Amino acid sequence: MEPVMVVMCAICLLFFLYQLYKLSEERRNQCCYLVHYECHKPSDDRKLNTKFCGDIIARNKNLGRQEYKFLLRAIVSSGIGEETYGPRNIIECRENSPTLEDGILEMDEVLIDTLDKLFRKTGVSPQDIDVLVVNVSSFASVPSLTSRIINRYKMRDDVKSFNLSGMGCSGSLISLSLVQNILKSYKNAFAVVVASESIGPNWYSGNDKSMMLTNCLFRSGGCSFLLTNKRAFRTRAKLRLKCLVRTHLGASDEAHTCCMQKEDDQGRFGFYLGKNLPKTATLAFIKNITGIAPKVLPLKELIRYIVMKYLGKTATLNLKAGIDHFCLHPGGQAVIEEIRKNLGLSEKDVEPSRMTLHRFGNTSSSSLWYVLGYMEAKKRLKKGDNVWMISFGSGFKCNSCVWEVLRDLEDGNVWGDMIDQYPPKTTANPYMEQYGWVNQETFEPSAAV
Amino acid sequence: MTQILPNFSSSVKLKYVKLGYQYLVNHILTFLLIPIMLGILLEILRLGPEEILLLWNSLHFDLVQVLCSSFLVIFIATVYFMSKPRSIYLVDYSCYKPPVTCRVPFSAFMEHSRLNLKENPKSVDFQMRILERSGLGEETCLPPAIHYIPPAPTMETARGEAEVVIFSAIDSLMEKTGIRPKDIDILIVNCSLFSPTPSLSAMVVNKYKLRSNIKSFNLSGMGCSAGLISIDLARDLLQVHPNSYALVISTEIITPNYYKGSERAMLLPNCLFRMGGAAILLSNKRRDSVRAKYKLVHVVRIHKGPDDKAYRCVYEQEDPEGKVGINLSKDLMVIAGEALKSNITTIGPLVLPASEQLLFLFTLIGRKMFNAKWKPYIPDFKQAFEHFCIHAGGRAVIDELQKNLHLSAEHVEASRMTLHRFGNTSSSSLWYEMSYIEAKGRMKKGDRVWQIAFGSGFKCNSAVWKCNRTMKTPTDGPWQDCIDRYPMHIPEIVKL
Numbered sequence: 001m002e003p004v005m006v007v008m009c010a011i012c013l014l015f016f017l018y019q020l021y022k023l024s025e026e027r028r029n030q031c032c033y034l035v036h037y038e039c040h041k042p043s044d045d046r047k048l049n050t051k052f053c054g055d056i057i058a059r060n061k062n063l064g065r066q067e068y069k070f071l072l073r074a075i076v077s078s079g080i081g082e083e084t085y086g087p088r089n090i091i092e093c094r095e096n097s098p099t100l101e102d103g104i105l106e107m108d109e110v111l112i113d114t115l116d117k118l119f120r121k122t123g124v125s126p127q128d129i130d131v132l133v134v135n136v137s138s139f140a141s142v143p144s145l146t147s148r149i150i151n152r153y154k155m156r157d158d159v160k161s162f163n164l165s166g167m168g169c170s171g172s173l174i175s176l177s178l179v180q181n182i183l184k185s186y187k188n189a190f191a192v193v194v195a196s197e198s199i200g201p202n203w204y205s206g207n208d209k210s211m212m213l214t215n216c217l218f219r220s221g222g223c224s225f226l227l228t229n230k231r232a233f234r235t236r237a238k239l240r241l242k243c244l245v246r247t248h249l250g251a252s253d254e255a256h257t258c259c260m261q262k263e264d265d266q267g268r269f270g271f272y273l274g275k276n277l278p279k280t281a282t283l284a285f286i287k288n289i290t291g292i293a294p295k296v297l298p299l300k301e302l303i304r305y306i307v308m309k310y311l312g313k314t315a316t317l318n319l320k321a322g323i324d325h326f327c328l329h330p331g332g333q334a335v336i337e338e339i340r341k342n343l344g345l346s347e348k349d350v351e352p353s354r355m356t357l358h359r360f361g362n363t364s365s366s367s368l369w370y371v372l373g374y375m376e377a378k379k380r381l382k383k384g385d386n387v388w389m390i391s392f393g394s395g396f397k398c399n400s401c402v403w404e405v406l407r408d409l410e411d412g413n414v415w416g417d418m419i420d421q422y423p424p425k426t427t428a429n430p431y432m433e434q435y436g437w438v439n440q441e442t443f444e445p446s447a448a449v
Numbered sequence: 450m451t452q453i454l455p456n457f458s459s460s461v462k463l464k465y466v467k468l469g470y471q472y473l474v475n476h477i478l479t480f481l482l483i484p485i486m487l488g489i490l491l492e493i494l495r496l497g498p499e500e501i502l503l504l505w506n507s508l509h510f511d512l513v514q515v516l517c518s519s520f521l522v523i524f525i526a527t528v529y530f531m532s533k534p535r536s537i538y539l540v541d542y543s544c545y546k547p548p549v550t551c552r553v554p555f556s557a558f559m560e561h562s563r564l565n566l567k568e569n570p571k572s573v574d575f576q577m578r579i580l581e582r583s584g585l586g587e588e589t590c591l592p593p594a595i596h597y598i599p600p601a602p603t604m605e606t607a608r609g610e611a612e613v614v615i616f617s618a619i620d621s622l623m624e625k626t627g628i629r630p631k632d633i634d635i636l637i638v639n640c641s642l643f644s645p646t647p648s649l650s651a652m653v654v655n656k657y658k659l660r661s662n663i664k665s666f667n668l669s670g671m672g673c674s675a676g677l678i679s680i681d682l683a684r685d686l687l688q689v690h691p692n693s694y695a696l697v698i699s700t701e702i703i704t705p706n707y708y709k710g711s712e713r714a715m716l717l718p719n720c721l722f723r724m725g726g727a728a729i730l731l732s733n734k735r736r737d738s739v740r741a742k743y744k745l746v747h748v749v750r751i752h753k754g755p756d757d758k759a760y761r762c763v764y765e766q767e768d769p770e771g772k773v774g775i776n777l778s779k780d781l782m783v784i785a786g787e788a789l790k791s792n793i794t795t796i797g798p799l800v801l802p803a804s805e806q807l808l809f810l811f812t813l814i815g816r817k818m819f820n821a822k823w824k825p826y827i828p829d830f831k832q833a834f835e836h837f838c839i840h841a842g843g844r845a846v847i848d849e850l851q852k853n854l855h856l857s858a859e860h861v862e863a864s865r866m867t868l869h870r871f872g873n874t875s876s877s878s879l880w881y882e883m884s885y886i887e888a889k890g891r892m893k894k895g896d897r898v899w900q901i902a903f904g905s906g907f908k909c910n911s912a913v914w915k916c917n918r919t920m921k922t923p924t925d926g927p928w929q930d931c932i933d934r935y936p937m938h939i940p941e942i943v944k945l
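Those protein sequence lines, which keep their order, are chains A and B.
Positions 1 to 449 (our numbering) are the ones given, in order, by the first sequence.
Positions 450 to 945 (our numbering) are the ones given, in order, by the second sequence.
Take the hints with a grain of salt, since some may be wrong.
Said to hold, decoys possible - Partner residues are not named here, just some residues of chain A that face chain B (Cβ under 10 Å, in silico):
1. F16
2. K22
3. Q30
4. I149
5. R152
6. K160
7. S177
8. L178
9. K184
10. Y186
11. G250
12. D253
13. T257
14. C259
15. M260
16. S394
The hints are simulated quantities; they were obtained by calculation from the structure and are not laboratory data.
Small disclaimer: the values here were computed from a predicted structure and weren't measured.
In this text, a Cβ means the ideal position worked out from N, Cα and C, and glycines have one as well.
Just chain B, with the same shape it has in the complex (with noise of 0.2 Å):
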């Protein structure tokens, strides 16, 4: 993935030149208006003050015209500014922090799988090889039923972790926002694996009495990326509903999804997922412009179901022995490799400056016309956002991803320290990761935030963000005890 001119690449000189490229093209306007008025200000000089006073004095100015044309200007604003896009404002969101009493050192995992797999040594190792290369550590949490040898999930223990996690962050997010249950208008609860009757969302509305005209969704099944698809859907209806609030809620419940077999495939979560959830509050109200944290700037999504290999690469199944779990295919990597292409293509043209497409275009015109083995040009996502959140699944993932985009250890520190803190935790890991940013004291007001998100199906989901207000440190999340310990290098190998 090489730029135009690869001898000159590494030479100072050419970083100067883009750079000042980059600023003239995406200043244009500037550029072109200074000119202009310029121009303006000269010719007013050169008149003087009587002849501009003639000029003024010569325009009729009747009555009838001046009330017109005024009432006719404001009217077409009115108009413009109600048929524009509401603006949707993320209030406040908050994570959930697992007690200690739930830590999994790896000591304590290797242990139970041990004892749980006494029959296949080969299972155990390879789990023991997973979690030494997983960039985990020793600080994230599995629910209690889990701690159980073997473990024990019932539906009771499911909902019992369902509302330790769900009502602990509704809690601590209406403390910060000071919402009242009466006030939400939408409630969105999305959790891939898990969905009792009555529905996970029927179980808040009973919890905090919501009002019985709630509108309410329960999403499962999407995966990792499920908490993208609540926010885009509460988008949507908060485009419909005026003057509302939308409580989106993305976790996994981890107890009745443990694979409890010994197919080395299907291990793989095990060693990956962890306890987690994210409550969200959006608002599309005017007032909550000046409190609110960020503002929705595009939601993409994107999938790759046609495909029947990315439709196939995680997939649930029964191994020989008839224990229900997730296999997770080979080329994984690959597929979301191109899941992301995809979606950069789509979100390209929307956030990219003017630089960057142009060069992008003039690079696709030269491929195309001019000479074939140009090497095709990979827009610089650093020109368009200044934070990046990857979704925390997986060492390999966060790898991929920084190579592809050609990301600094900055960048994606959020997101490798997030699964060394917390591990996978689903569709919730994205707002770690921007809590991980906000407590460093890295959000800035203006600030863009790009946030990525694959799934099963093959889906691969993004979010843009715009900071709205400065955050000061310290803050409060999960990361307000151990912020001070990150970022720490995490090994490529940790020898268990």
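Chain A with its partners taken away, still in its complex shape (with noise of 0.2 Å):
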């Protein structure tokens, strides 16, 4: 019997053993890769300069000489340049009467555009997609964007598709948390993000000065990138995600009501951003970072923070102990700066996202990836570096992720030539002469125009 019971041992330790392969296998596996990410930049003639928007605010009836000064100091002191681009329907003219058109063809420029580039430059094809996520907060159609894109480019009829909408700024990082949710059940998979933003069908023209804001801020942008956990792909693979916390603050009344769309008094249909905005982010933020920095930060540095704590003095989290590359959402000069101060950050760490304010403006839930795209350009991006994406939304929330680098990254992608002229001597507003009048609190506007 000897023989037998050791044949029969032996095969039963093989069999255990492989299932254990199997298991480490599987967590292996769950590693979300992002392989690449293409950012949108639309066409030449669509820019808006100060100038065209000053022209926008006057054609505008409803709105007299204090909203026309609130709105332009807005646009001269919020940190975007002169090359930012508009939706189609504003350039021309008709901003008060979107059709539904307008908003489609709005997104299709986004999404041909890159999800074009995307899978030509990452050679995979249409057909081996499994995940697809669509995020833009402010559009739905029958059918959704998803549909649209699996229709445009015969995508497989088992595709997972995913509409995401109403989550704000912060939508690119809830759709990574979606995929990676995804790709660790499903092996070899490749998933789709696209992230937008729908300005030209949103547009306010009314007098509330709390809901005209959104109209100088936001501007046309998008993105879309590719992930995947098949390990064949990880030395073609930019980034690693190593981890993703979101904090939700809905359940405070302040905190839910501090931006939304509603109606003003008149019924015109706006977006809401309310005067405790800056706190209610500063809360989310802090709640946000709690979560994320025992996950990223070396033990030498948690330590020292707890100690100084208990020791009763003050102490800041020095984030840069963990954290190569900070990838602030550009929401607008007084967001950068206040993460700025509170984190202790130096200018060359805020620098990607001033830039892209300034290039691009705030292209919402995109924009995290044109700020990317500015540090791989600027060849900041080395093997090893961890990056930090934060970004806020509506409802309120905090998200935020931290990747690994993969390789030494060098695509120019959207920033391109022009990266050489980043930063610029000043980003001051050229037209500070001309409308300088309106940081003025007495003003005669006939005189200066």
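Two chains, two frames, a set of hints: combine them into the complex.
Here it is as structure tokens:
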């Protein structure tokens, strides 16, 4: 009986080892790799400069002198440059009567441009895609944008498509979280995420000050990126996702209502930004950092922080101990400055966000990828670096994730040749002299213009 | 769609032969095992008790060997159980029941139509003809904003409708399951045509003070099949997060999408879509396996987007006057049939018993090798499922599916009665139908339910559930007060 028992034990042992091996393989295959991302650069005929914006405001019959002054002040001091892009219906002076076609065409330009380039540069065919996530906050059409993409690129009929909307400027990180979860259950899968924002149909034509700011800050843009969990793509991929933390402050009424779509007193539709927005953003930010810091900072830094706090001394978490590059959502000058102060970052750290705000404006959920593109074009991303992406969204959400750079990245992408012009000597608005009178409390506009 | 031997298809004898064949093939393992067991038993009896004891003593069991082998067996069993996909349970669900004040009987609907479309009597006639043949009853509901003449949809009223529908459904669900808001880990809201910022999911987080690390997703634009897409997403998320609860909310907010123009093809949704919503609680906790109502077995998603005709058959567009509405093309039924075929081809092998699959394979081989004129064998899905929940998209959809799948009137009764009592509530209609079957006391433990829904794009999604415990009547739910009036006969045309 002896040899039989030995053989049986050996078989059992081999089977058991094989199962362990399979489990460990599954764990290893759950990594989420970013193969490539492509940001959209609209055509030059869609550029919006301050003069054009001034003209649009002047055209609006609902705005009086006070509002004109307020808006110009916002535009001039926003940190947004002269080469940002607007939607076609606004360029064509039809901002008050957007049609459904305008909205769809705006989306089409982003989708076709970025997806064509994405598939071409990665060599992945649309038929290989297993998961498709589209995230556009204020646009919902029938059939959805995911169906539009599936129709255009003739994807497979069992592709898992998800169309997220209403998630604000942090939509691309939420889509990333969705893909990360799905890639844990499916082997060897490809996922495409498209993030953009629909500006044209959401133009506010009224005169409520808290609702006019979005007109000035948001600009056209979008991006799509390809993710996979195939180990074979590890050498070709750019980044690997280390961790992602989502924080939702919706439970607090104040946080929930600080930015929302609504109708003003005259029934005009627009996006309201409340005065407590900065405070809510700070709260969400702190909560999010509490979640992500333990996952990404080295133990030494965490111990130092805890010891300092215990001793009662003021201590700031030195995020630079674990993070090399900061991709901050370019929501506006104020947002970037606030975060820079709170985290003790240098000008060089926030330069990518500032430059993105200057060149492309606030393109909502896709803006983080323009910031990443800047860092890559400047050849700052080296193998082993950690990149931290953080964004805020209505509701109120704060989401952040940390990527590990897998190889030295040098792709010029959307910044291309103009990267050498950045950072410019000054980001002050060139129309400051002409429109600078808006910053004075008393003025005579007829004398200045 | 006749069977292989059309001459004898009505013969009673063939029916029994078929039944016998099905029983044999489906229980083949039992049939093989019985002779083997009998053989062993006879062998043991033949040997006698002393010889058995001798055999037992001759096996040398070393302590180490015993320990090793038992250790290995336990370990392999643990690894096997750990690597199995988690079971997803549907703990409970609850459907929104609109108040009586929102009812739109035919007379009210036609009167509003006549007043709103004063300049277009042809469109009014069209609406009347649709309503007569729609299969809807007198108790379907529209939200308050639509009861105004002309309808007065604003952001406020749309949010108001969303709050009433979603919060009522969630309140009733929490009461039934006893779950606390802090326990919810995943939240998925799907509403096709209304996606405000902040999203409806943020609205739910705000009202119920859900946790700040909740994984919330807001799906929109995915049509009437979005409910099953949300279930699919919840399942994928629950595979990755152990010990979690997922709350799925399926609804369609009518207020902002009421078509105000007069194009006929775009007036159709106005006649059919009604107010409704459902909240569903899914869990992957083992202790819920006792109290859960259903267990999720399969979800299959098919997207016919690559085909241009399919993509355009449900399309939102502006009419010549610039008013936005949804255009339903004329070949909607054909495309739905195609999509259904693809779905069946995928789900068939997963759910059909071996007997049906063999028959299908046999006819397939026969058609390829012998005679291409043999009619394709349509598998009998009644073998795989006890109950069918077909999305109550409209009378034509239910008729078409009943014909295609050879279903009896009782199988589609839930869909027809839901269409009659609640109208087309889009993604939540499947849950009203489940509720009907339960209210009728037909849901027994072990029953399998097949939910099918179609959506714009063109999608066909289906889900298979297995009933976990027999549900006793009377059940609480939207059918509580009217279940005794059903089933009722719904005439082809209701003369208005």
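Hints, verified against the model:
1. The interface hint given for F16/A holds, since its Cβ lies 5 Å from the closest Cβ of chain B, which is under the 10 Å cut-off.
2. Nearest Cβ of chain B to the Cβ of K22/A: about 7 Å, under the 10 Å cut. The hint holds.
3. The beta carbon of Q30/A comes within 9 Å of a beta carbon in chain B, closer than 10 Å, and the hint placing it at the interface holds.
4. Interface restraint check: I149/A against chain B, minimum CB-CB distance 8 Å, threshold 10 Å, status holds.
5. The restraint placing R152/A at the interface with chain B holds, with a minimum CB-CB distance near 9 Å, inside the 10 Å limit.
6. The beta carbon of K160/A is positioned within 10 Å of a beta carbon in chain B (closest approach about 7 Å), and the interface hint is therefore held.
7. Of the supplied interface hints, the one on S177/A holds, with its beta-carbon coming within about 7 Å of a beta-carbon of chain B, less than 10 Å.
8. Here the hint on L178/A is kept, as its CB sits about 6 Å from the closest CB of chain B, short of 10 Å.
9. Checking K184/A against chain B by beta carbon gives a least distance of about 5 Å; that is within 10 Å, so the hint holds.
10. The interface hint given for Y186/A holds, since its Cβ lies 8 Å from the closest Cβ of chain B, which is under the 10 Å cut-off.
11. Taken as an interface hint, G250/A checks out: its beta carbon lies about 3 Å from the nearest beta carbon of chain B, inside 10 Å.
12. With a least beta-carbon distance of about 7 Å to chain B, the hint placing D253/A at the interface is held under the 10 Å criterion.
13. The interface hint given for T257/A holds, since its Cβ lies 8 Å from the closest Cβ of chain B, which is under the 10 Å cut-off.
14. For C259/A, the shortest C-beta to C-beta distance to chain B is roughly 7 Å, which falls under 10 Å, so the interface hint holds.
15. For M260/A, the shortest C-beta to C-beta distance to chain B is roughly 6 Å, which falls under 10 Å, so the interface hint holds.
16. With its C-beta approaching chain B no nearer than about 4 Å, S394/A sits inside the 10 Å limit, and its interface hint holds.
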